[in-house]
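**Student:** One letter stands for each residue in the lines below.
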Amino acid sequence: MTYIAKPKFHHPGLKKNELGYTHRDYEGKISTLCAGCGHDSITASIIEACYELSIEPHRVAKISGIGCSSKTPDYFLGNSHGFNSVHGRMPSVLTGANLANRELIYLGVSGDGDSASIGFGQFAHSIRRGVNMTYIVENNGVYGLTKGQFSATADRGSKSKKGVTNTDNAIDLVAIALQLGATFVARSFSGDKTQLVPLIAAAIGHKGASFIDVISPCIAFNNHAGSTKSFDYVREHNDAVNRLDVLVGRDPIAVDYAPGTVQVVEQHDGSRIALRKIDADYDPHDRLGAQTFLAKHAAKGQIVTGLLYVDPDAEDLHSHLNTVQTPLNTLEADTLCPGSAALDKFNASLR
Amino acid sequence: MSDKKPISSVNDFVVRFANVNGSGSASANEMFARAILRHGVPVSPRNIFPSNIQGLPTWYEVRVTEDGHLGARGGVDMMVAMNPQTWDKDVAGIEPGGYLFYDSTKPMPSTKFRDDITVIGVPLTAITNSTYTDPRQRQLFKNIIYLGALSALLDMDPKLIEQLIGEQYKGKEKLLSSNVHALHLGRDWALQNLKCPLGLRIRKSDKVGDRIFIEGNSAAALGAVYGGATVCAWYPITPSSSVAEAFTAHCKKYRHEPETGKAKYAIVQGEDELASIGIVIGASWNGARAFTATSGPGISLMTEFIGLSYFAEIPAVIMNIQRAGPSTGMPTRTQQCDIIACAYASHGDTKHVLLFPEDPAEAFEFAAAAFDLAERLQTTIFLMLDLDIGMNHRLCRPLKWDDAKQYDRGKVMTAEMLEEGRDFGRYLDVDGDGIPYRTYPGTHPTKGSYFTRGTSRDRYARYSEEGSVYADNMQRLVRKFETAQDLVPRPLQANAERPTKYGVIYFGSTSPAMDEAIGLLESRGHQLDRLRIRAFPFHSSVASFLAEHDFVYVVEQNRDSQLRQLIVNENGIDPVRLVPITHYDGTPITARYIAKAIGDHQDHLKVTPLRKAVS
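Top to bottom, those sequences are chains A and B.
Sequential numbering from 778 applies to the first sequence in this note's numbering.
Sequential numbering from 1140 applies to the second sequence in this note's numbering.
For the record, the hints were derived by calculation from the structure and aren't laboratory data.
Values in this document were obtained by computation on a predicted structure and should not be read as measured data.
Backbone N, C-alpha and C define an ideal beta-carbon position, used for all residues, glycine too.
Heads up, a few of these hints could be off.
What the hints assert, rightly or not - Beyond 12 Å from chain A on every Cβ pair, some chain B residues (computed):
1) Val1149
2) His1323
3) Leu1333
4) Pro1714
Said to hold, decoys possible - With a Cα cut of at most 20 Å, we get these calculated SDA-like pairs of lysine to any residue:
5) Lys1392(B) / Asp1111(A)
6) Lys1403(B) / Ala1119(A)
7) Lys1403(B) / Leu1120(A)
8) Lys1401(B) / Asp1093(A)
9) Lys1391(B) / Ala1118(A)
10) Lys984(A) / Leu1024(A)
11) Lys1391(B) / Ala1110(A)
12) Lys1539(B) / Asp1121(A)
13) Lys1403(B) / Glu1109(A)
14) Lys1392(B) / Asp1121(A)
With these hints in hand, go ahead and build the complete structure from the sequences.
**Tutor:** Now the structure itself:
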């Protein structure tokens, strides 16, 4: 409960990262979600990823829409500015914030109702524009806060807790993100932190639109037999194509990888991703191949997870708009206002 | 010809061009208006255009007015009828004694004319076809040829038109000389074959002065450049699109770093109005000056975000170029019909600041000021233009800027202030003006962060559903709105020569018609004090004006008398004392209309004493 203050003290021997911050410095308020909620595991993974990357917490802007998932930015990075905006409109708010100050890290947190239904358009267009952000959808297939209605990512034929069968086709946000040109696309499972943490870290290091679909079971309304977003179902049908390690700085790549099984991706921020292949044929640099692979496996009822696509040379919206390096929110009249002499000339041209 | 005498007037008449949309007539017609300005004679042109790209009828009306009456006048003294589709209506609309100018290449039956007007036929198509072979050239030069013929008929100085052509085609010698040639083809034909000049004439004068000729949308966009806007997000909608387009053009000219060529601005065409306002809110939350431009339907879509801006206290500037509603309404016709929709936009208890510029010069000033107001008040500021100001060239005073001016960034707590140990409560009113401090994201590693939300929270931005906490916040927002009263542009009052108990309130694009109507009313013996409202919330002088007069007319361009409703609601006064004068057919209000409506009402008020009536 948010009105219960979270105690500040911690074990004196708690490990510190490069900046001298402990895990605790990346935490937020106490979660008000249901005990066992998948979203809380994602929160923990975000904290872990930011700690490992040694990000200054206040240099992150956390932006969300409305819903259970969108409440979570209150539960991590308590020293960051957060914005719990309007239902389905996180992408536009994030886009504006990003335009105002290109130097912060933008973390967009959304849900399946927020991004696949009411905000489907904004999801699509922020991806199209290549906004430099990490866009995480905490995907549970239901509307949790309004008590268990199907969302647009619920699979056709899956059953609600009340026994109703979903007859609508599901939207696969990963497939859409690939089609719309996202330059970093991944899927993971809230129950698989070892896969999720490095994915989030790699997404933050990526310059461009990064999208991660995280299947996150709703313990209260979508964790029963007949659901395709339950813990049991996702574990049984999880088909990971790769596992990755994020290497910060110039550390040599660990030697214990078998030859030919690791692919190294250089990121724009200087970090590297070491991809350990599980499916030997999967190439995360092949957008079309990824789309086909996903479609084939979805037809078999498998949930493909891992880093599905990455373009290490991606550009972002600021490069498209050719904006100055200085954040726009720091510019003042001396550099923005053309002044009275220019105005006199302008007037003269209108006579 | 009947015995109706042809109208005779120097520097005071209305010429209307009836054209087909997409025929290239717009630039020739605009050149006609500019050429008259170059004679030192004020003009007030208006585009009357359809929601269409090619084929439908379009009109361009030029009011020539040495006295400087810039509102629409009503009536047509000379019709340049270039569109067969609208011929009958166009001919019928000419004032008795007026003139009809037409292309006489094909003979017309006499029933197509009137006998109380002067008919001037010029074989435009024949002249064009004998000179040009290319179909596109034929179409474009026909327009310049009629301009040439008109210059002879109206006694205009051809040198001044040549000068304009020279400026327009500077560096494009071939186009320049061929346009001048076309001008003289028409002019010479008229001089040789017609009795020139007509009763309508242009005579050189000196009434234009240093005034400029500009569209309100362009001026507002330049105001955004001067006011420091760096983020613009928009979605195309008539009549507002030209704001964003002009902002783009102005930024290309004024806002690139000379050394790097990089842009000191970001313009995004959103996927809809929801995204546009979302981008504005996100950018403003992060400390950039941001705006969007839209029209009625866009406002409807934006209202959820506008409520967030009000409640979470995030600056935003929305330029609303109003058009006739409701729904799609008349998208290319003017109205002042979004007053209530903007003043109280969004669900729950909300109130927003509205600015009402009267012309492009004020649109420039108010647009720049809107960004200071938005950051000072941390809320949405509406710049309420309309199609009449936004999309027509208007003669107005030159734009002015004080180079000593710094932007008012409002109450922003910096890292240094936080270091000093200043108490930061995002929704804490520290000095009684209802305005709290805010911090920009990324300010300080451990101090000053907060969670922005549309849900209720306490003074320190902590989530709360406590009734008293919620009410405390809502009361502070009322205090903030009271503070706004003294920050927004004040109403301007002009009193009649003699003391009177009658007053009139008006705003925005009604201004020039109202000023002219006052003269007409005075000539009928009606004395009226005037108050031009320039912003909402209303300054206390509005209440004083109401108290000083028995009856106050409220003149506006909508059906439901929306400003009057707002005045009644906010001032709690007896509605009977506020007389609505409304005009809402989509055309700009005219002085004649106002003078008649007010004059008739005034005549009614002169009650005959009862004893006299029964005796």
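**Student:** Name the hints, by number, that the structure is in violation of.
**Tutor:** none
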